[in-house]
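Protein sequence lines correspond, in order, to chains A and B. Residues 92 to 554 (our numbering) are what the first sequence spells out, left to right. Residues -3 to 235 (our numbering) are what the second sequence spells out, left to right.
Just so you know, these hints were derived from the structure itself, not from any lab. Heads up, a few of these hints could be off.
From the structure, some residues in chain A lie toward chain B, with a derived Cβ separation under 10 Å [to be verified]:
{"no.": "1", "residue": "Leu100"}
{"no.": "2", "residue": "Ile453"}
{"no.": "3", "residue": "Asp463"}
Listed below are the simulated DSSO-like cross-link pairs for lysine-lysine, each with C-alpha atoms no more than 27 Å apart in a straight line [as the list claims (entries may be wrong)]:
{"no.": "4", "chain 1": "A", "residue 1": "Lys465", "chain 2": "B", "residue 2": "Lys181"}
{"no.": "5", "chain 1": "B", "residue 1": "Lys164", "chain 2": "A", "residue 2": "Lys93"}
{"no.": "6", "chain 1": "B", "residue 1": "Lys15", "chain 2": "A", "residue 2": "Lys93"}
{"no.": "7", "chain 1": "A", "residue 1": "Lys544", "chain 2": "B", "residue 2": "Lys181"}
{"no.": "8", "chain 1": "B", "residue 1": "Lys122", "chain 2": "A", "residue 2": "Lys544"}
{"no.": "9", "chain 1": "A", "residue 1": "Lys320", "chain 2": "A", "residue 2": "Lys284"}
Here the structure is a predicted model, which is why all the values come from computation and not from measurement. Quick reminder that beta carbons are idealized off the backbone N, C-alpha and C, glycines included.
Spelled out from the first residue to the last, the chains are:
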Amino acid sequence: MKAYDLLELSGRNLREAMLRNSLTTLGIGVGVASLVAMLSLGIGLQRLLTKQLGKSSLFDSVFVTSRQDFRPRRPGADATPLTPPKPLDDAARKSFEKLPGVIEVYPSLGSVAEFRLSDGPSSEPQTGVLSGLPPSSRSSEAFDDFQGRYFSGPNAAEAILKTDFARELLGLPEIRDTDVKLTSDQAAKLLGKDLVLRYAERQSQPAPGASGQPPDAAASFNVVRKELKLKIVGIVTSEPVRGIPRTGQTSVFLPVAFAESLNMIQPGDLRTIMRQNEGKTYLALIVHMAKSGSVPAAEDEIKKQGYNAFSILDASRGLAIAFRIVDVFLGIFGSLALAVASLGIVNTLVMAILERRREIGIMKAVGASDGDVKKIFFVEAGSMGLLGGCLGVLMGWLIGRVINWGVNAYFTRQGFASQDIWYVPLWLVAFAIGFSILVSLLAGLYPASRAAKLDPVQALRHE
Amino acid sequence: MALNGTEAVRAESLVRHYKLGQSIIRAVDGVTLSVKKGEFAALLGASGSGKSTLMNLIAGLDHATSGAIVVEGLNLAALKREQLALYRRHTVGMVFQSFNLVPTMTLTENVELPMRFAEVDRGERKTRVQEALRQVGLGERLEHRPSEMSGGEQQRAALARALVNRPKLLLADEPTGNLDSKTGKEIMDLIRDLNRTLGMTVIMVTHERALAERYANRLIFLGDGKLLSESANTPGGAR
Ligand SMILES: Nc1ncnc2c1ncn2[C@@H]1O[C@H](COP(=O)(O)OP(=O)(O)OP(=O)(O)O)[C@@H](O)[C@H]1O
Ligand SMILES: [Mg+2]
Chain A
92 MKAYDLLELS GRNLREAMLR NSLTTLGIGV GVASLVAMLS LGIGLQRLLT KQLGKSSLFD
152 SVFVTSRQDF RPRRPGADAT PLTPPKPLDD AARKSFEKLP GVIEVYPSLG SVAEFRLSDG
212 PSSEPQTGVL SGLPPSSRSS EAFDDFQGRY FSGPNAAEAI LKTDFARELL GLPEIRDTDV
272 KLTSDQAAKL LGKDLVLRYA ERQSQPAPGA SGQPPDAAAS FNVVRKELKL KIVGIVTSEP
332 VRGIPRTGQT SVFLPVAFAE SLNMIQPGDL RTIMRQNEGK TYLALIVHMA KSGSVPAAED
392 EIKKQGYNAF SILDASRGLA IAFRIVDVFL GIFGSLALAV ASLGIVNTLV MAILERRREI
452 GIMKAVGASD GDVKKIFFVE AGSMGLLGGC LGVLMGWLIG RVINWGVNAY FTRQGFASQD
512 IWYVPLWLVA FAIGFSILVS LLAGLYPASR AAKLDPVQAL RHE
Chain B
-3 MALNGTEAVR AESLVRHYKL GQSIIRAVDG VTLSVKKGEF AALLGASGSG KSTLMNLIAG
57 LDHATSGAIV VEGLNLAALK REQLALYRRH TVGMVFQSFN LVPTMTLTEN VELPMRFAEV
117 DRGERKTRVQ EALRQVGLGE RLEHRPSEMS GGEQQRAALA RALVNRPKLL LADEPTGNLD
177 SKTGKEIMDL IRDLNRTLGM TVIMVTHERA LAERYANRLI FLGDGKLLSE SANTPGGAR
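With the hints as constraints, model all of the structure from the sequences given.
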């Protein structure tokens, strides 16, 4: 039988039992809608997370520490053979910079210091944590929408404040929600103003008599209190995350090169002083790669050189697997509704066989083969699958819109930026409709073969 | 078993048994007969004598329990289901006592139906439908459903549907059984004309002997599934 005859005959049959077939199709639609809703939620959440993480470029950084300071928990489990621990010093930093694909290597600086406004409402000094930001942090999400401007250069004596610390400096009451920006009046009291930084400087002292040693290889050091004026240039609500996310306790950010030049005392300094023949070392270095693809190789190489290396990319692999599993479960729940709906197709078509017994007999008497009859039923099932699939995608999309809207209304009220937690990619549309047709055809299998096997003599017997 | 050139249908020890629980119903019980090409044969017999069963075997709608049946050179017992469908499609046309039109299709659509399975081009279908409807004398209200038409009109449409694929053999199972005598006569005249003008072999079931004697040139009597007698007949009462 030709395709258009098949479509015409099936179409007229579908139209003859309009109500019943519409309800069946609607059932399929609901099943598909639930599948689309479940999957697009899973996809949307995963996409949102990847986008957020990708923006903070967590994925393209390797966090390096010395094995002197942090021993790997299970040395035997590591595939790379353990080389003797090496200090994380300038030589190490230079060797990391030479690795392929590295953009920058910078120390993870974090020092406690005192800050006060040189003229302002509160002359009381405030204690806060200072950290350095590499130039690449400019693209961080924290700078998508912030007050003021970014550092004018890598060595500028400029500071960017976290909002909560800015409030402290202004003597404003603390609020729970750290995402709320300062008013422009409040910001005006800070931006462009001077911030006095008081910190502890480490001044190396060469060992007496050992004049051949490099200047940094100090046998001891002095700690000297220093004061310095910084210019406040910006205020951010969230931490411009680089490398390893800190838990948001930083109060003031400085350009990392400038911060380094201050030679502030670091938590690791006390430990290094106890070891011999060591110069300045870093507690942690962050190796920023051009592409996240080159992270694993760099990580391996650094480990081979005798350091601890850690990357979020590594850690997030488990997360990705977890998301896959969630997707599969959401998919199974979604498919369940479709499976139930497919029973509707079986039911509808079996009913249709009973009703159309005589008609099937007539068709066979005038020359329809078993295959022709089977095809007619298949096309009917497939059409319901196609229509139900399209309807379901539409409904699923609408449900998604509504939920997204609801969630975002809540987000906005809570002070978060609105986000698409819902995402229906084109492949999901194609997959959902294809899957719906497939399930419907499977459901049509039994009715179609039963209709095809109908004995025409029995069917035509006049009762 | 070969047909000689003039034979349209030949049955040899044809048997069709039905099993009903323990008992066996011998609907057709060893029938041997032959019908010549262009003949108008009438199958006569009491109710339950196996006339319809024999017709269904000739039509390729049913499978014989044993014996052979050859129509237009095809041994039906040897054909697969798919081939039997082809045989029904092209070699035989059937009309029934209860018309058996598809109730949801218009008369035109009903007549067109066999050509869908025969994969006739759409353009040609139109002309063939027109031709078949003209042959049976139907020209009006063709886009109505069967339920809106008289019995005579329905049987004419059924006849047109049987003709549309141009079969060699027309099988009619009590075609006038549901019609009044005047309309029945019209249908019978029509069948006779088709038999004469197109040279179509006709086998007709009836239990009205008078009708058979008036139109058929051969009478076959069945009783309890067996062939009772066979005789040539000169059709009488021609208009
Ligand atoms: N599917 C079946 N199962 C059991 N018995 C059947 C079946 N079909 C027909 N029979 C029996 O076979 C016999 C012949 O039936 P058939 O319909 O051929 O008779 P008929 O001569 O056409 O009768 P009528 O003139 O009433 O149409 C009957 O006794 C009938 O009950
Ligand atoms: Mg009968």
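Could you work out which of the previously given hints the structure breaks and list their numbers from low to high?
The structure conflicts with hints 4, 6, 7, 8, although it agrees with all the remaining ones.
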